[in-house]
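Student: Listed below are the residues making up each chain.
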Amino acid sequence: MNDRDRLPEDLLSGYLDRELSSEQRVAVEQELASSPVWVAVLVEITEVRSQVRALPVPEAPLGFWDVVLSGRDPVRTVRRRLGGPLGWVAGSAAAAVVAVAFLVPSPRHAAPSVATFVDSHASRSSLSQDPITQLAPIGLRR
Amino acid sequence: MYQVAYRLTGNSDDAADLVQEALLRVRKGLETYQPGSLEGWLARIVTNVFLDEVRRRRRRPVSALPDDPDRVLPATAAADEASTELSADVQAALSSLPEEFRIAVVLCDVADLAYEDIAAATGAPVGTVRSRIHRGRRMLRAALQQGAVRG
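If you read the protein sequences in the order shown, they are chains Y and P.
FYI, numbering that gives the first Met the number 0 numbers position 2 of the first sequence as 1, with every residue one higher than the one before it.
FYI, numbering that gives the first Met the number 0 numbers position 68 of the second sequence as 67, with every residue one higher than the one before it.
One chain only, chain P, in its complex shape (with noise of 0.2 Å):
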């Protein structure tokens, strides 16, 4: 749940707060809780905690630092500098993705859960899903391709 509250808010304090809140409203949802997908249900908490986040921050905008790279990634790998420098890349593109193309990558290539449940966890039909995983995918290629031009 931690891995996907980064990816989707990019830093490790919001992600915090995020898990945080997402977790209160698993305690008070457990007694409405349908036995199904426990994973797709999660992810319909923790992504429905992200976008009233988003929105509430539409209204009060405040900024987030993001985290220094280093300090998210295996020891083992924080020496290996190109690694470091791509994961922060393709972090950063995708911290730039509007945020529905976001909840579909992360729910499907950091999260690894089915179409259908996200489906169900962003109350899209699977076509919409499909449709806004190829999309983000495609925004974060151009995303990296210009950070590499840029870089």
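Isolated chain Y (complex conformation) (with noise of 0.2 Å):
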């Protein structure tokens, strides 16, 4: 057989698939008897079409068909959304305020009015003779 003549290799597939009319079917049984090279072959690609076919049914994400099936459409637009690059800066800018407005103290805290706090403290220990209770003039002037 020349190569003019040669039957083509992918008619393995179809003959494993059952996709060949009767004449090709016929062509490629006498092509096997003769070729130990197509009968490597059609091993080859009986065991990975084998292999494809056994891999496990993987299953939706909990709920994804309620989601789909009711027309809404959250899954992707809220992945897309905050998924990409811009869902990162998102995210992290996020993130920062939520930090900020833990960690930082609020302003009342942090400007105390000197005056009333050695005010109350006199009127609470006049008695004591403490040397804060000294300060009370010097808060009250100002």
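Hint data in this document are derived by calculation from the structure and do not stem from the laboratory.
Among the clues, some could well be false.
Said to hold, decoys possible - Per label pair, the in silico range of CB-to-CB distance:
{"hint": "1", "chain 1": "P", "residue 1": "T31", "chain 2": "Y", "residue 2": "R52", "range": "24 to 34 Å"}
{"hint": "2", "chain 1": "Y", "residue 1": "V38", "chain 2": "P", "residue 2": "E98", "range": "28 to 38 Å"}
{"hint": "3", "chain 1": "Y", "residue 1": "V38", "chain 2": "P", "residue 2": "E30", "range": "42 to 52 Å"}
{"hint": "4", "chain 1": "Y", "residue 1": "E58", "chain 2": "P", "residue 2": "E98", "range": "40 to 50 Å"}
{"hint": "5", "chain 1": "Y", "residue 1": "G62", "chain 2": "P", "residue 2": "G126", "range": "38 to 48 Å"}
{"hint": "6", "chain 1": "P", "residue 1": "P124", "chain 2": "Y", "residue 2": "R17", "range": "27 to 37 Å"}
{"hint": "7", "chain 1": "Y", "residue 1": "V25", "chain 2": "P", "residue 2": "R55", "range": "41 to 51 Å"}
{"hint": "8", "chain 1": "Y", "residue 1": "S33", "chain 2": "P", "residue 2": "E98", "range": "43 to 53 Å"}
{"hint": "9", "chain 1": "Y", "residue 1": "L6", "chain 2": "P", "residue 2": "Y32", "range": "36 to 46 Å"}
{"hint": "10", "chain 1": "Y", "residue 1": "A32", "chain 2": "P", "residue 2": "V25", "range": "39 to 49 Å"}
{"hint": "11", "chain 1": "Y", "residue 1": "S49", "chain 2": "P", "residue 2": "Q33", "range": "28 to 38 Å"}
{"hint": "12", "chain 1": "P", "residue 1": "R55", "chain 2": "Y", "residue 2": "R52", "range": "28 to 38 Å"}
{"hint": "13", "chain 1": "P", "residue 1": "R55", "chain 2": "Y", "residue 2": "S21", "range": "40 to 50 Å"}
{"hint": "14", "chain 1": "P", "residue 1": "R58", "chain 2": "Y", "residue 2": "A32", "range": "49 to 59 Å"}
Unchecked claim - Facing chain P, according to a computed beta carbon distance under 10 Å, are these residues of chain Y, among others:
{"hint": "15", "residue": "P7"}
{"hint": "16", "residue": "D16"}
{"hint": "17", "residue": "V25"}
{"hint": "18", "residue": "E28"}
{"hint": "19", "residue": "R48"}
{"hint": "20", "residue": "V51"}
{"hint": "21", "residue": "V66"}
For every residue, glycine included, the Cβ atom is placed at its ideal position computed from N, Cα and C.
Using the hints, put the two chains back together into the complex; each one sits in its own frame.
Tutor: Given below as structure tokens:
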């Protein structure tokens, strides 16, 4: 058999998948009877085909079909909104805002009224003669 | 549909996106659907959505993390380590195929479509479909062997 007469090798997949005409089928079987190379290829693709067909059926994420069949579209839009590089920027910015809110002390604690503090201390400890009480006039002057 | 999407994309997030987009197109296309092979029609929509996404990513590359293989296995098989590894290897080999070969193999061996339906779904002649399936399988075999040698 010269090159021009040679059967295309992809007929082997057609043979395996039962997608050949009866004439093609006979031709492939004749080739298989005389060519160990074709037999080896048939064995290989049979094995690979079985491996792909034996792959487990993947499960969709929990609740996926409820969302999809309800006509809502949150899975994709939320993931796209937050999943890309801009999502990381937005996420980081949000985290920074939260961190600042918790870590930086409130302004009302940062600026105590010295006069009020000294005055109230003086009123509570005027009899104790403690050193802080001696500062009361200074605080009141401010 | 999810199974085909998962095998085409190789991870659950992209598969979920693909299915959602495909279903949106199914809704839009229902009016123009002509009675014929429903499976072939659905396969054509899934294939087109997948190829659109592939083209979009070529313009703006993003990386997708592959799934933990345990997550896609039934509970009974998850305990079987050898089976888990083999599944992960086969999926990795599948994901390494150029898209036209991957689509042909997945539509044939995962969706179990006839060559004629695959031809209708991809717009390629039946002879081209057969050639892509065959070459895809040979590439898969080579990729699995390479993986086994490296592993």
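Student: Each hint should be assessed against the structure and marked as holding or not.
Tutor: Hint check results:
no. : hint                       : result
1   : P/T31 x Y/R52: 24 to 34 Å  : 33 Å, holds
2   : Y/V38 x P/E98: 28 to 38 Å  : 31 Å, holds
3   : Y/V38 x P/E30: 42 to 52 Å  : 51 Å, holds
4   : Y/E58 x P/E98: 40 to 50 Å  : 25 Å, violated
5   : Y/G62 x P/G126: 38 to 48 Å : 43 Å, holds
6   : P/P124 x Y/R17: 27 to 37 Å : 19 Å, violated
7   : Y/V25 x P/R55: 41 to 51 Å  : 46 Å, holds
8   : Y/S33 x P/E98: 43 to 53 Å  : 36 Å, violated
9   : Y/L6 x P/Y32: 36 to 46 Å   : 39 Å, holds
10  : Y/A32 x P/V25: 39 to 49 Å  : 47 Å, holds
11  : Y/S49 x P/Q33: 28 to 38 Å  : 35 Å, holds
12  : P/R55 x Y/R52: 28 to 38 Å  : 30 Å, holds
13  : P/R55 x Y/S21: 40 to 50 Å  : 44 Å, holds
14  : P/R58 x Y/A32: 49 to 59 Å  : 51 Å, holds
15  : P7                         : 8 Å, holds
16  : D16                        : 7 Å, holds
17  : V25                        : 17 Å, violated
18  : E28                        : 17 Å, violated
19  : R48                        : 6 Å, holds
20  : V51                        : 4 Å, holds
21  : V66                        : 8 Å, holds
In summary, the structure is inconsistent with hints 4, 6, 8, 17, 18 from the numbered list given earlier, while agreeing with the others.
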